[in-house]
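Read top to bottom, the protein sequences are chains A and B. When the letters of the first sequence are read in order and numbered with numbering that gives the first Met the number 0, they come out as residues 0 to 457. When the letters of the second sequence are read in order and numbered with numbering that gives the first Met the number 0, they come out as residues 0 to 397.
One or more hints might be untrue.
Derived pair list, reagent style SDA-like, types lysine to any residue, alpha-carbon separation capped at 20 Å [as the list claims (entries may be wrong)]:
(1) K120(B) <-> F438(A)
(2) K120(B) <-> Q24(A)
(3) K251(B) <-> I237(B)
Covered stretches of chain B, going by a simulated chain A footprint (3 or more residues, C-beta under 8 Å) [stated by the list, open to error]:
(4) 116 to 124
(5) 129 to 137
(6) 340 to 349
Below, a sample of chain B positions facing chain A; criterion: calculated Cβ distance under 8 Å [unchecked claim]:
(7) I34
(8) L38
(9) W41
(10) L145
(11) F146
(12) A353
(13) I369
(14) T370
If you are wondering where the hints come from, they were derived from the structure by calculation, not from laboratory data. Backbone N, C-alpha and C define an ideal beta-carbon position, used for all residues, glycine too.
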Amino acid sequence: MSLTFDDGTFIRTEMVAPMPPPRRQVGVIGWMRENLFSSIPNTILTLVGLGLVLLIVPPLIRFMFIDAIWTGQNREACLGPEAGACWPFIKAKFGQLIYGFYPIDQRWRPDVVFATGAILLVPLLVLSWPFKRLNAFLFFVIYPIVAFILLTGGNINLQAFLFEHFGLLHSVFGHVHVAGVNLVFWADYVLTALIVVAAIGGVIGLIGGDGRAAARSTMWVFFAFGLLVVAWDIDFGLPYVETRQWGGLLVTLVIAVTGIVASLPLGILLALGRRSQMPVVRLLSVVFIEFWRGVPLITVLFFATYMLPLFLPQGSNPDGLLRALVGVALFSAAYMAEVIRGGLQAIPKGQYEGAMAMGLTWSQMMRLIILPQALTLVIPGIVNSFISLFKDTTLVLIVSIFDFLGQLRASFTDPNWASPVTLYTGFAFAGVVYFLFCFGMSRYSLFVERRLNTSHRH
Amino acid sequence: MSDLVLEPVQGRSKSASFINDPNVRSIGLQLIALILVVLLGWMFVENARDNLAAQKIATGFGFLDNTAGFGISQTLIPYSETSTYGRAFVVGLLNTILVAVVGIFLATIIGFLVGIGRLSKNFVVRLISTTYVEVLRNLPPLFQILFWYLAVLSAMPSPRQSISIFGEVFISNRGLIIPRPLFGEGTGLVLWAFGAALLAVILIGYWARGRQEETGRRFPMLWVGLGILVLVPLAAMIFTGFPITFERPELKGFNFAGGLRVIPEFVALTVALATYTAAFIAENVRSGIMAVSHGQTEAAHSLGLRNSQTLRLVVIPQAMRVIIPPLTNQYLNLTKNSSLAVGIGYPDLVAVFAGTSLNQTGQAIEIIAITMGVYLVLSILTSFVMNAYNKRIALVER
């Protein structure tokens with residue numbers, strides 16, 4: 000529509016519909032012009048990049064899927080000139096890669112441990128699900144005990160706690176075993192507990208403190224520790240499996256989970272110690288943290304394997320895996336302490352002052368106000384240190400513990416499967432497994448970070 | 000302001016015991032902690048003494064003067080099987096330092112390239128950089144080292160079919176063969192000339208900086224510096240008649256004669272550590288650049304600076320403030336990770352000293368203490384330098 004006047008003046012009364020933008024500036028072509036070919040250097044970069052992608056991706060896919068061999072009994076299947084990945088090799092070695100040399104008829108035990116771990120872990124990770132406290136208690140306290148009993152078989156041989164070392168008790172009780180439990184030991188334990196509880200209560204009471212409370216808390220410590228030990232002591236009829244027979248992903252996960260479970264409480268203590276007002280406690284914490292953070296994990300493992308036995312009483316010959324676990328736990332505790340310290344420092348001073356104004360004691364303030372906030376804040380940091388711990392577990396193969404990577408390396412030497420592609424198949428499989436674990440965890444940590452980031456600055 | 004004055008409470012109330020006094024508690028707790036630590040230490044020392052006596056292991060650092068009796072596949076200083084353990088320690092330490100220096104150099108270059116690539120507008124570049132970072136970061140370093148060593152380098156052709164780069168550098172399953180520099184007479188003068196050139200460049204740099212701050216006039220530092228650094232030693236070379244020559248590797252029979260052989264363990268370790276660490280450095284670089292607010296770029300543009308100038312003069316100096324502390328951390332990590340050498344048999348400090356020497360002498364306490372001490376000193380030094388640097392570049396706020 001338009002208006003045309005007598006003198007020929009022409010006025011439009013309506014806007015003309017806008018022309019579509021030039022086809023070269025919209026759609027796929029426009030996007031490509033803007034993003035990929037905006038200038039000469041950019042075009043070169045794009046072409047080089049595309050060349051790189053073409054160089055890597057199609058051969059990788061060919062190797063992993065198209066040319067791959069899917070069935071076969073031994074190396075014969077994978078000897079062809081054009082053979083891709085030799086998946087039957089992985090299939091044949093799968094049991095070893097997951098369980099190591101764990102006895103085949105007992106492999107249901109690690110399976111149960113894996114399944115229980117997954118069942119407990121998933122609800123812990125979903126932030127909105129309830130019962131976090133119970134869940135964390137189950138995962139961090141009960142689960143390690145159950146896993147320990149299941150994997151080793153439990154039924155540890157206890158002889159003496161304190162008095163029996165001097166041979167005082169078996170003359171009274173004789174040697175009575177009930178379901179694998181040595182009664183002499185437990186009589187010894189109860190006697191020691193009673194004496195220590197009475198002593199602590201008495202001393203605290205004498206110097207004017209609350210003797211009853213002190214005695215009660217000491218008793219609880221003995222009770223909890225007793226429960227733990229009695230669980231290990233009872234004979235559940237599981238055959239004993241040496242840790243030397245463990246291997247593969249089982250060992251990788253055992254080390255990683257033990258590291259994280261042990262390092263959390265230790266790390267919290269160290270972080271609190273480092274922020275403490277008491278100079279001696281602070282100094283000890285700082286020295287401990289900086290020492291372990293300053294040395295590579297390899298030297299820590301060497302320390303645990305060669306030096307630690309020298310520091311322990313003669314005759315006590317701790318298990319190889321246990322020694323490595325101690326090293327890993329101390330090492331990761333130092334890193335965890337720094338992560339948690341970051342969280343503690345992020346809590347505004349008002350929270351501390353508020354708690355103190357409410358008349359809370361130091362432990363109440365930490366337990367109820369500060370730590371819950373600080374720990375939630377550093378979940379991404381904890382997950383990240385778990386990722387690096389998971390990657391670091393590979394180092395135990397150097398002190399001849401066969402974790403996933405160690406088991407893989409051992410399987411390369413099997414002459415039954417010696418073929419030109421065995422090596423690459425193994426690395427491809429292990430790479431995918433490690434990547435899935437680590438990448439999954441890093442995505443989770445990013446997700447939590449976004450969920451917890453309640454500020455709306457961006 | 001209120002007129003209320005709080006009187007301090009005089010003395011303790013009678014019902015409260017002294018163990019509820021925070022000061023007493025704090026001293027008591029610290030005493031207990033100290034006693035526990037001392038007891039633990041004392042127990043360790045006692046046990047160690049008994050154990051060493053029972054196993055008839057010598058103590059003290061005397062073993063450092065004993066003959067080591069084992070060969071080392073890569074030595075930067077003269078070393079033979081008749082050398083001492085002390086010498087073996089130095090050889091291992093130098094090998095560690097070599098991996099660290101070369102690795103850090105490569106990792107920095109790759110890391111910066113990939114980090115900038117992750118922020119590129121080019122989709123393909125961004126995709127490749129992101130994939131690089133995600134893949135490399137999520138695979139264990141030992142896995143990557145083994146991969147490079149077993150799957151890549153062992154799969155290289157034999158020396159006869161080796162891959163040649165311009166006929167000077169050869170890559171084969173025996174490692175990397177490069178021309179060996181030979182230092183003839185007069186090398187000293189060239190090195191002195193290079194040192195003098197370096198000093199001159201530093202001095203000119205100071206002067207140029209001072210002049211720019213006073214007058215605002217810029218000095219073409221890059222070109223002048225490069226010119227001096229290249230031309231002065233070149234002149235010295237011409238003057239002394241080219242004392243530094245290169246011995247070229249040649250294929251003789253089944254192996255190479257002449258040239259410098261870089262053992263495959265070194266190549267695998269260095270490449271794996273450099274690419275692994277580069278992934279982390281890339282993330283540091285990216286976060287550093289992103290930490291510079293967009294207003295800075297806009298302000299620079301509105302002042303009329305070109306894109307390259309904006310990047311060079313405004314964005315990067317500010318980003319470096321954020322990048323450098325985690326960057327040094329990564330350097331330290333690379334150095335510590337070089338101890339993974341023991342996994343493929345590269346003779347670094349841990350493999351030579353805490354591995355072979357420990358097995359031969361059995362003196363675990365001394366050897367592991369020395370090894371840990373080296374790394375500790377390294378990390379403490381780094382953190383000192385870092386703190387000093389941080390103080391220097393920290394924003395001076397009003």
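Here is what the structure says about each hint:
no.	hint	verdict
1	K120(B) <-> F438(A)	violated (25 Å)
2	K120(B) <-> Q24(A)	holds (16 Å)
3	K251(B) <-> I237(B)	violated (33 Å)
4	116 to 124	holds (count 6)
5	129 to 137	holds (count 4)
6	340 to 349	holds (count 3)
7	I34	violated (11 Å)
8	L38	violated (13 Å)
9	W41	violated (11 Å)
10	L145	holds (7 Å)
11	F146	holds (5 Å)
12	A353	holds (5 Å)
13	I369	violated (10 Å)
14	T370	holds (5 Å)
Checked against the numbered hints above, the structure violates hints 1, 3, 7, 8, 9 and 13; every other hint is satisfied.
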